[in-house]
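Kindly produce the complete structure, drawing on both the sequences and the hints.
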Amino acid sequence: AQKVTQAQTEISVVEKEDVTLDCVYETRDTTYYLFWYKQPPSGELVFLIRRNSFDEQNEISGRYSWNFQKSTSSFNFTITASQVVDSAVYFCALSEEWTGNQFYFGTGTSLTVIP
Amino acid sequence: DSGVTQTPKHLITATGQRVTLRCSPRSGDLSVYWYQQSLDQGLQFLIQYYNGEERAKGNILERFSAQQFPDLHSELNLSSLELGDSALYFCASSVVSTGGSSTDTQYFGPGTRLTVL
Chain A
142 AQKVTQAQTE
152 ISVVEKEDVT
162 LDCVYETRDT
172 TYYLFWYKQP
182 PSGELVFLIR
192 RNSFDEQNEI
202 SGRYSWNFQK
212 STSSFNFTIT
222 ASQVVDSAVY
232 FCALSEEWTG
242 NQFYFGTGTS
252 LTVIP
Chain B
26 DSGVTQTPKH
36 LITATGQRVT
46 LRCSPRSGDL
56 SVYWYQQSLD
66 QGLQFLIQYY
76 NGEERAKGNI
86 LERFSAQQFP
96 DLHSELNLSS
106 LELGDSALYF
116 CASSVVSTGG
126 SSTDTQYFGP
136 GTRLTVL
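Chains as they are written, first to last, in this note's numbering: chain A, 142 to 256; chain B, 26 to 142.
Calculated from the structure, these hints are not laboratory results. A couple of the hints might just be wrong.
Listed below are the simulated DSS-like cross-link pairs for lysine-lysine, each with C-alpha atoms no more than 27 Å apart in a straight line [said to hold, decoys possible]:
#1 LYS144(A) with LYS82(B)
#2 LYS179(A) with LYS157(A)
#3 LYS211(A) with LYS34(B)
#4 LYS179(A) with LYS34(B)
#5 LYS34(B) with LYS157(A)
For the chain A half of the interface with chain B, some residues (derived, Cβ under 7 Å), not all of them [unchecked claim]:
#6 GLU185
#7 LEU186
#8 PHE188
#9 GLN224
#10 PHE232
#11 GLY241
#12 ASN242
#13 GLN243
#14 PHE244
#15 PHE246
Since we're looking at a predicted model, the values are computed, not measured. The beta carbon of each residue, even a glycine, is placed where N, CA and C say it ideally should be.
Shown next, in the form of structure tokens:
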């Protein structure tokens with residue numbers, strides 16, 4: 142079974158629209174970490190955020206925000222007022238303490254922002 | 026520029042061969058992570074070292090091994106290469122290990138593209 146599910150394979154939005162990328166995870170651990178990464182067309186990987194399981198506060202960083210909800214095992218990522226530079230593949234990941242902090246990645250969501 | 030360097034950028038080799046990928050973390054970072062990205066398998070975590078010791082192990086094949094040296098650079102050794110090992114291999118570094126601060130950032134190198142013919 143997939144530990145991290147990113148059900149949206151591809152999303153297209155028009156510039157300035159808001160977009161939410163979904164991430165659902167599965168774990169029985171009480172101590173775990175959730176991550177988002179960005180991979181633009183140039184291919185490099187960029188770390189966006191890490192959240193531990195004891196911190197359910199939502200995070201906002203500029204146009205980016207993250208909604209962590211333990212009740213639904215979700216860690217969704219919203220981009221407000223999207224820009225062309227946001228076009229990338231976004232990966233969600235889970236790291237569990239009880240599996241030795243191994244990382245599990247979702248299959249990624251490819252976001253295209255149309256000018 | 027993330028400050029993480031990986032060499033070589035590209036590597037083309039034949040099946041059955043052995044290669045070594047090298048990663049130099051950012052100055053001051055004690056953790057090094059290795060990831061593999063391929064079309065078939067997607068993005069996978071291989072292994073993490075913290076200050077010279079193995080900290081976490083993922084889907085790393087027995088034909089693969091890694092180590093982190095006293096100067097904190099790391100090497101990923103891939104042996105008995107198969108066609109399916111063709112992938113982009115990323116290295117990342119961070120100050121602390123996974124159990125550290127929630128704000129701990131991972132910095133990625135540009136990757137090494139391995140092609141096995």
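Tested hints:
no.: 1; hint: LYS144(A) with LYS82(B); in the structure: 16 Å, holds
no.: 2; hint: LYS179(A) with LYS157(A); in the structure: 19 Å, holds
no.: 3; hint: LYS211(A) with LYS34(B); in the structure: 40 Å, violated
no.: 4; hint: LYS179(A) with LYS34(B); in the structure: 20 Å, holds
no.: 5; hint: LYS34(B) with LYS157(A); in the structure: 36 Å, violated
no.: 6; hint: GLU185; in the structure: 6 Å, holds
no.: 7; hint: LEU186; in the structure: 4 Å, holds
no.: 8; hint: PHE188; in the structure: 4 Å, holds
no.: 9; hint: GLN224; in the structure: 22 Å, violated
no.: 10; hint: PHE232; in the structure: 6 Å, holds
no.: 11; hint: GLY241; in the structure: 5 Å, holds
no.: 12; hint: ASN242; in the structure: 4 Å, holds
no.: 13; hint: GLN243; in the structure: 5 Å, holds
no.: 14; hint: PHE244; in the structure: 4 Å, holds
no.: 15; hint: PHE246; in the structure: 4 Å, holds
Consistency with the previously given hints fails for numbers 3, 5 and 9, ordered from lowest to highest.
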